[in-house]
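Make the full structure from the sequences, and use the hints.
Residue numbers (mature numbering (1 follows the signal peptide of the UniProt record, and there is no 0)): -38 to -1, 1 to 674.
Just so you know, these hints were derived from the structure itself, not from any lab.
Errors might be hidden in some of the hints.
Simulated pairs of lysine-lysine, DSSO-like, Cα-Cα distance not exceeding 30 Å [stated by the list, open to error]:
id : residue 1 : residue 2
1  : Lys422    : Lys360
2  : Lys447    : Lys422
3  : Lys379    : Lys422
4  : Lys118    : Lys242
5  : Lys334    : Lys295
6  : Lys155    : Lys168
7  : Lys373    : Lys447
8  : Lys155    : Lys118
9  : Lys168    : Lys188
10 : Lys396    : Lys332
11 : Lys277    : Lys242
12 : Lys389    : Lys295
13 : Lys373    : Lys360
14 : Lys334    : Lys390
15 : Lys351    : Lys412
16 : Lys330    : Lys412
17 : Lys205    : Lys8
18 : Lys118    : Lys212
19 : Lys379    : Lys389
20 : Lys102    : Lys8
21 : Lys149    : Lys242
22 : Lys332    : Lys277
23 : Lys118    : Lys149
24 : Lys373    : Lys389
25 : Lys298    : Lys412
26 : Lys389    : Lys351
27 : Lys405    : Lys351
28 : Lys277    : Lys405
29 : Lys334    : Lys289
30 : Lys332    : Lys379
31 : Lys289    : Lys332
32 : Lys521    : Lys447
33 : Lys405    : Lys334
Pairwise CB distance ranges (calculated) [unchecked claim]:
id : residue 1 : residue 2 : range
34 : Lys405    : His580    : 56 to 62 Å
35 : Asp284    : Arg132    : 17 to 23 Å
36 : Ile384    : Lys289    : 42 to 48 Å
37 : Arg185    : Asn265    : 30 to 36 Å
38 : Ile487    : Thr343    : 52 to 58 Å
39 : Glu404    : Ile229    : 39 to 45 Å
40 : Ser15     : Glu535    : 52 to 58 Å
Cβ coordinates follow ideal geometry from the N, Cα and C atoms, glycine included.
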Amino acid sequence: MFSLHHCPYIFLLKLELKTITMLSVVLLMLLMAGSCQCVDHIYHVKENNDIHSYIGDIVSDTHLLDNMQSQDNSDILKFKILQGNTDGSVQLFNVTPGGQIYTAAILDAETLCHYNVECFRILEIAIQHGHSVIRILEIKVIIEDVNDNYPMFIRKDVNMQFDENVSLGRKIIPNAIDNDISIQNSKLFYRLKEENIPFKLLVSNKTDGNDFLQLILEENLDRETKDIYYLQLIATDGGSPPKEGSLNLKILVVDENDNSPIFSENIYNVTINDTQEINKPIVRLFATDLDAGENGRISYVFNAKTPSNFKQCFKLDEVTGDVFITKEFQFGKSYKIIVEARDNDNTPRSSAATVLVTGISHLNNPPKIKVKFVIESTGNTAVISEAAKRHSFVSYVKVTDNDNGVNGQVKCHLQNKYLQLISMSEKKYRIVVKSEIDRESEKRFNFTIKCQDNGLPPLKVERQFSIEVTDINDVQPQFSQDIFKFLTYENEHKAFPVGQVNATDPDIGDGGQLTYSLLTNGKDILPFQISDVGFISTTESLDREEKNMYEFKVLVKDKGTPSLENTANVVVEVMDLNDNAPYFSFPNVNPFSLNVHYHPHSDHDIIVVRASDRDSQHNAFLTYEILRVHRLKQTDSNYNSVDMYHKVTPTLNIQSKYTFDPTCVPPGVQYTIEKNLKKSQQPMVDREDIHYRTMPGERWDNPTLRHHQQVR
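Right under this line is the structure:
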């Protein structure tokens, strides 16, 4: 729809006198146009259409000339696209002087726009009259993506290997790419073409939005039975119709030693003093190999890069990885040895680790750390409350080093996000709380105190401790939802179930134990009760006709000190049962008598009856019937007795009016009409007699029941 921007325009009108009236109409229409919008009109065009494809007519689509009085508007206004491309890009659209927009090039959404972003161009079109520009229109053309790209894999073939006798395994498969820019056309679905194979495809999404494909091995492979599998991976996009791409997978089943041993550490730092015993290991090296059997059995040996004189100072247990010193070891020196871990395959694989050994003379002893907690502790584990404030005192740390000079000078540090080590004096420290502790985020954490002296080389010591965080009642119970809506039926017995509300509290102990109660406004007593687990039931039978909906709040409280609470809204809708019979509101006496003056071929109503029902919906849809008509008294012997039968009308809506319509009634004969009122389902019937008398000189016929115009 055409609309005018709120921004002011300067119109420079230098026109001939004969066009002043016409332009006044145009300007008035522009100024009185609708509310401010970002663009004046929006068109949609699909990509890949032929050049010079028709998009739209500005004049007819925006109703620009609707209010003009001139019969020939073709020469009044001219339209022209404003050109301003300085980047050398191809012009995509053309507009005729009469305002028709066409494509000027084949539109490629993938070239013009980015993925998952609305693809459009804004055309600035000048409306000219003669040499004057009276309006600049901004036309938005949305380029709609079509499914014109096939899913493509970067390679057509991928080779991979799986070891035999391995029940679990997975390999990464390159994902396909679909260059369409819309989500639907570029969304890819993957499947394996083959069935009854020991593999399955696992597809997940990475954080960058791309697909992550894995081929999962589901059962053991036997290379001697089958040593190669050929699979085809199919990628299908979500376009209509969908397009497919494929990737050929070649899987080799191999039996080889393909894992190298891995040390637990790349570098082992060992410091010993002259009290070290020769028959006790200074360090145990540990490596693992994922292979099984001989391929996973590891032996430890000195690497060829270890100097031979260093090898004489150490003994290495090939099985356990224990390293011992020999009598040739000299204290006061540092050694660097390289140890290999090899598996026992015929073509062994190996890895290496470096062991740095420093022998310290007894003149330099490592520091000793003593920690005393002011809070509850057992061994190296202490207990702290999450209520502990910042700068709260946790423990006292004392370091001893009896060496002389720089060998006895010690520095300590502690790195932990909750605790801080503060120096009190030389070799004395206190540990305080650095930041608030939240038990719900972290129930237990460790910290390590590290100290070293200033000797050469420095001797280091560290001690690790654990902190258990105790809970306080600091988290408010939370309901699973703000509003709980339930449906229940009327007329049910006491304690009839309605529904259950649910709340959680991450606190432990009393702070996590919850109780529920119902809140009222103090005026009405709710016919509901709630159990300790949030189960709501009735305390009495409900009557929908008295009240069809209850709204109240439920309160949840924990048992902490102080107690925390929360509320949620509960809406209970009472469903209707067909427990009310319809009743006649007019006539409201039974039986009811009236005199009828009838003229042949007249279409006058005899009486209009009305009925109501307190139930709702289909339980209150009513139908009317004439049960029977029988003669009460015959005053003219010229007419014999006649049996009259009722006629049933179709089901009619509640609260409508209906009439009895006797067309031919014998004169002077009085009849009783019993009418029956039924519900549409499980009918409950109300019956009322109507007596009417026709006047002499009239004929008789069966009364009928017809729909009367409803009075509103």
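These are the hints, each one checked on the structure:
{"no.": "1", "hint": "Lys422 to Lys360", "verdict": "holds (15 Å)"}
{"no.": "2", "hint": "Lys447 to Lys422", "verdict": "violated (65 Å)"}
{"no.": "3", "hint": "Lys379 to Lys422", "verdict": "holds (23 Å)"}
{"no.": "4", "hint": "Lys118 to Lys242", "verdict": "violated (60 Å)"}
{"no.": "5", "hint": "Lys334 to Lys295", "verdict": "violated (36 Å)"}
{"no.": "6", "hint": "Lys155 to Lys168", "verdict": "holds (24 Å)"}
{"no.": "7", "hint": "Lys373 to Lys447", "verdict": "violated (65 Å)"}
{"no.": "8", "hint": "Lys155 to Lys118", "verdict": "holds (15 Å)"}
{"no.": "9", "hint": "Lys168 to Lys188", "verdict": "violated (34 Å)"}
{"no.": "10", "hint": "Lys396 to Lys332", "verdict": "holds (21 Å)"}
{"no.": "11", "hint": "Lys277 to Lys242", "verdict": "holds (11 Å)"}
{"no.": "12", "hint": "Lys389 to Lys295", "verdict": "holds (28 Å)"}
{"no.": "13", "hint": "Lys373 to Lys360", "verdict": "holds (11 Å)"}
{"no.": "14", "hint": "Lys334 to Lys390", "verdict": "holds (12 Å)"}
{"no.": "15", "hint": "Lys351 to Lys412", "verdict": "holds (25 Å)"}
{"no.": "16", "hint": "Lys330 to Lys412", "verdict": "holds (10 Å)"}
{"no.": "17", "hint": "Lys205 to Lys8", "verdict": "holds (18 Å)"}
{"no.": "18", "hint": "Lys118 to Lys212", "verdict": "holds (11 Å)"}
{"no.": "19", "hint": "Lys379 to Lys389", "verdict": "holds (23 Å)"}
{"no.": "20", "hint": "Lys102 to Lys8", "verdict": "holds (14 Å)"}
{"no.": "21", "hint": "Lys149 to Lys242", "verdict": "violated (64 Å)"}
{"no.": "22", "hint": "Lys332 to Lys277", "verdict": "violated (35 Å)"}
{"no.": "23", "hint": "Lys118 to Lys149", "verdict": "holds (20 Å)"}
{"no.": "24", "hint": "Lys373 to Lys389", "verdict": "holds (8 Å)"}
{"no.": "25", "hint": "Lys298 to Lys412", "verdict": "holds (24 Å)"}
{"no.": "26", "hint": "Lys389 to Lys351", "verdict": "holds (26 Å)"}
{"no.": "27", "hint": "Lys405 to Lys351", "verdict": "holds (17 Å)"}
{"no.": "28", "hint": "Lys277 to Lys405", "verdict": "violated (45 Å)"}
{"no.": "29", "hint": "Lys334 to Lys289", "verdict": "violated (41 Å)"}
{"no.": "30", "hint": "Lys332 to Lys379", "verdict": "holds (22 Å)"}
{"no.": "31", "hint": "Lys289 to Lys332", "verdict": "violated (34 Å)"}
{"no.": "32", "hint": "Lys521 to Lys447", "verdict": "holds (27 Å)"}
{"no.": "33", "hint": "Lys405 to Lys334", "verdict": "holds (22 Å)"}
{"no.": "34", "hint": "Lys405 to His580: 56 to 62 Å", "verdict": "holds (57 Å)"}
{"no.": "35", "hint": "Asp284 to Arg132: 17 to 23 Å", "verdict": "violated (37 Å)"}
{"no.": "36", "hint": "Ile384 to Lys289: 42 to 48 Å", "verdict": "holds (47 Å)"}
{"no.": "37", "hint": "Arg185 to Asn265: 30 to 36 Å", "verdict": "holds (34 Å)"}
{"no.": "38", "hint": "Ile487 to Thr343: 52 to 58 Å", "verdict": "holds (55 Å)"}
{"no.": "39", "hint": "Glu404 to Ile229: 39 to 45 Å", "verdict": "violated (31 Å)"}
{"no.": "40", "hint": "Ser15 to Glu535: 52 to 58 Å", "verdict": "holds (55 Å)"}
In summary, the structure is inconsistent with hints 2, 4, 5, 7, 9, 21, 22, 28, 29, 31, 35 and 39 from the numbered list given earlier, while agreeing with the others.
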